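S.K.: Go by the hints and put chain Z onto chain V.
The primary structure of each chain is shown beneath.
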Amino acid sequence: MFKLNPKLSQKISYSILFCATILAIIPVAVIIFIIIKNGASAITWEFLTSMPKNGMRGGGILPAIIGTLSIVMCAIAVTLPIGVCAAIYLNEYAKDNLLTRIIKLAIVNLAGVPSVVYGLFGLGIFVMFLKLGVSIIAGALTLAIMELPVIITTARGALNSVPYSFREASLSLGVSRWQTIRHVVLPNALPGILTGAILSIARISGETAPIMFTAAAFYVPHLPTSAFDQVMALPYHLYIISTQIPGMPKNIIFGTALVLLMMVLSMSLIAIIARIYFRKRRKW
Amino acid sequence: MDKIKVENLSCFYGGQCVLESLDINVVKNEILTIIGPANSGKTTFLRTLNRMSDLNTSYSRKGTVYLDDENIFNMNMEKLRKRVGMLFAMPIPLPMTIYENIVYAPKRLGLVSKKNEMDAVVEQALKDASLWDEVKDRLNSSGMKLSGGQQQRLCIARILAINPEVILFDEPCSGLDPISTAKVEESMIELKEKYTIVLVTNNVKQASRVGDRTAFFLMGKLVEIDKTGTMFVSPKQKQTEDYITGRFG
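Chains as they are written, first to last, in this note's numbering: chain V, 883 to 1166; chain Z, 61 to 309.
Extracted from the complex, chain V is given alone in its bound form (with noise of 0.2 Å):
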């Protein structure tokens, strides 16, 4: 073997790790590419706000926007209080022992779980054993519990990014351990908890599996009145378009999935804005 010079060496590393990661934003950049091209002639006032017509084949796909919508924030409504409850718990109380450990296991491999199971999770238990029906709790329980280990993982990570000093600092001076992350860690941990949390409303957005059995409908003619109707969401109804309906408009399908891709991406802007914006205002 022989031995390359430096300076050659340095140039052949570079290039492969350039190239690893021009091949990784190839793929995004060519999705969204075909997706606004073939899909951005569909997005019309009307198509975001009315009803769809003609099996589907026209109109507009308002009711799969409000009942994504609906789903996500209960979802969201019903785990980050818990999730923010548990990592407060598992962070700044939990002591480390067997127990301790047996959870953080367990929040971890959660986050493993395929949604599909959650799906079939959701409609053994929401549906079925609950008696809450296809509906739009029942799907957001679902997403919910599918969603907590994340939330967990991420506030915990935004617990952890405030000084343990700062605690030191605020029980040496008499304040009890509750007051002191109710009024020190808490604030402090905010931002990062909910740039986490937009972010996993981004995620669940997009999310079909584990909807598929327990919120969302073929279709449904009017609006959601109560928690407990049945839906139509975006991302089922983008499953059901490009492959139940023969003659569908094409696009009408890239039209549904540039919506879908828009609130996702617009989702993860607001986080990345939002974590700008708390960045530049931390104190410390």
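Do not take every clue at face value.
[Said to hold, decoys possible] Below are the DSS-like pairs computed for lysine-lysine, each with C-alpha atoms no more than 25 Å apart in a straight line:
{"no.": "1", "chain 1": "Z", "residue 1": "LYS88", "chain 2": "Z", "residue 2": "LYS265"}
{"no.": "2", "chain 1": "Z", "residue 1": "LYS167", "chain 2": "Z", "residue 2": "LYS122"}
{"no.": "3", "chain 1": "Z", "residue 1": "LYS254", "chain 2": "Z", "residue 2": "LYS265"}
{"no.": "4", "chain 1": "Z", "residue 1": "LYS254", "chain 2": "Z", "residue 2": "LYS196"}
{"no.": "5", "chain 1": "V", "residue 1": "LYS977", "chain 2": "Z", "residue 2": "LYS65"}
{"no.": "6", "chain 1": "Z", "residue 1": "LYS139", "chain 2": "V", "residue 2": "LYS977"}
{"no.": "7", "chain 1": "Z", "residue 1": "LYS205", "chain 2": "Z", "residue 2": "LYS187"}
{"no.": "8", "chain 1": "Z", "residue 1": "LYS265", "chain 2": "Z", "residue 2": "LYS287"}
{"no.": "9", "chain 1": "V", "residue 1": "LYS1162", "chain 2": "Z", "residue 2": "LYS205"}
[Claimed, not checked] Derived coverage of chain V by chain Z (criterion: at least 3 residues anywhere in the stretch with Cβ under 8 Å from a Cβ of chain Z; other residues may be distant):
{"no.": "10", "stretch": "1052-1059"}
{"no.": "11", "stretch": "1142-1152"}
[Claimed, not checked] Away from chain Z, derived, C-beta distances all over 10 Å, residues of chain V:
{"no.": "12", "residue": "PRO888"}
{"no.": "13", "residue": "LYS889"}
{"no.": "14", "residue": "SER895"}
{"no.": "15", "residue": "ILE907"}
{"no.": "16", "residue": "ILE913"}
{"no.": "17", "residue": "ASN920"}
{"no.": "18", "residue": "MET933"}
{"no.": "19", "residue": "MET955"}
{"no.": "20", "residue": "LYS986"}
{"no.": "21", "residue": "LEU1005"}
{"no.": "22", "residue": "ILE1007"}
{"no.": "23", "residue": "PHE1100"}
{"no.": "24", "residue": "ASP1111"}
{"no.": "25", "residue": "PRO1128"}
{"no.": "26", "residue": "PHE1160"}
{"no.": "27", "residue": "ARG1164"}
The set of hints was computed from the structure by calculation and includes no laboratory data.
Here the structure is a predicted model, which means the values were calculated and not measured.
Built from N, CA and C at the ideal position, the CB exists for glycine as well.
M.R.: Frame of chain V; chain Z shown alone:
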């Protein structure tokens, strides 16, 4: 009169003894300085006095510590820490304004509630910590924007605001320049009128400047304790002499 009385105190980290059967007392309104090389148990001793070391799960202890004849290990931890304040080696202002830093603990402990009471506490605490003149025009700017020495005096003011009886200083000048150090030492000497002070320091000269009595710790044991003047002129133990003359440590 003894403010703090320590009887047969031993401390352990993960089963390893870091402080061995210590008997020591702190007299009311004195500055007791504790000197000794690294790993001599000084900081462990200090953090036992306000039970901050109880936060560490691998820490355990035996023996008793009395604060005014009351065993601190039977006391409520929050009440103990309100009476025994602590200044850390690195200044740790909380991430809030100067004003909020000082009223933070009094508010949480329910000592003040009205705005005019809080204003009075802030002014008094900052004056006592000789910081008032430097910050009185910017009480609403962040405490973290102050210089290191100012931050440390802000932390002193924060302790004074809860009106403790004892103040523990854990190498409070280790990160400060000589002028800031002099200012902190000056406030310590003023503070002993009202408070009892225990000062752990790596700086032998600092001990000779501010201490009424000095204790020398070595390898988890108290080697010698005496009036600072006496100890620095004629130490009884060879080890003490070696340490204060800079022959080791």
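S.K.: Is the hinted pair LYS88 (chain Z) and LYS265 (chain Z) satisfied, with a Cα-Cα distance of at most 25 Å?
M.R.: Distance of about 23 Å is within 25 Å: holds.
S.K.: ARG1164 (chain V): least C-beta distance to chain Z exceeds 10 Å?
M.R.: 8 Å, violated
S.K.: Could you let me know if the closest chain Z CB is still more than 10 Å away from the CB of PHE1160 (chain V)?
M.R.: 12 Å, holds
S.K.: Minimum Cβ separation between PRO888 (chain V) and chain Z greater than 10 Å?
M.R.: 41 Å, holds
S.K.: For SER895 (chain V), is the shortest CB-to-CB distance to chain Z above 10 Å, so the non-interface label stands?
M.R.: 41 Å, holds
S.K.: Was ASN920 (chain V) rightly flagged as not at the interface, with every chain Z Cβ beyond 10 Å?
M.R.: Holds, since 49 Å exceeds 10 Å.
S.K.: Next pair to validate is LYS265 (chain Z) with LYS287 (chain Z); report whether the Cα-Cα distance is within 25 Å.
M.R.: 15 Å, holds
S.K.: Evaluate the condition: distance from the CB of LYS986 (chain V) to the nearest CB of chain Z exceeds 10 Å.
M.R.: 16 Å, holds
S.K.: Say whether it holds or is violated: ILE1007 (chain V) keeps its Cβ farther than 10 Å from all Cβ of chain Z.
M.R.: Check passes; 37 Å lies beyond 10 Å.
S.K.: Using C-beta distances, would you say chain Z covers the stretch 1052-1059 of chain V, given that this needs three or more residues below 8 Å?
M.R.: holds (count 7)
S.K.: Between the alpha carbons of LYS205 (chain Z) and LYS187 (chain Z), is the straight-line distance 25 Å or under?
M.R.: 19 Å, holds
S.K.: Would the non-interface assignment of ILE913 (chain V) survive a Cβ cutoff of 10 Å against chain Z?
M.R.: 41 Å, holds
Hint check: violations occur at hints 2, 5, 11 and 27; the rest are consistent with the structure.
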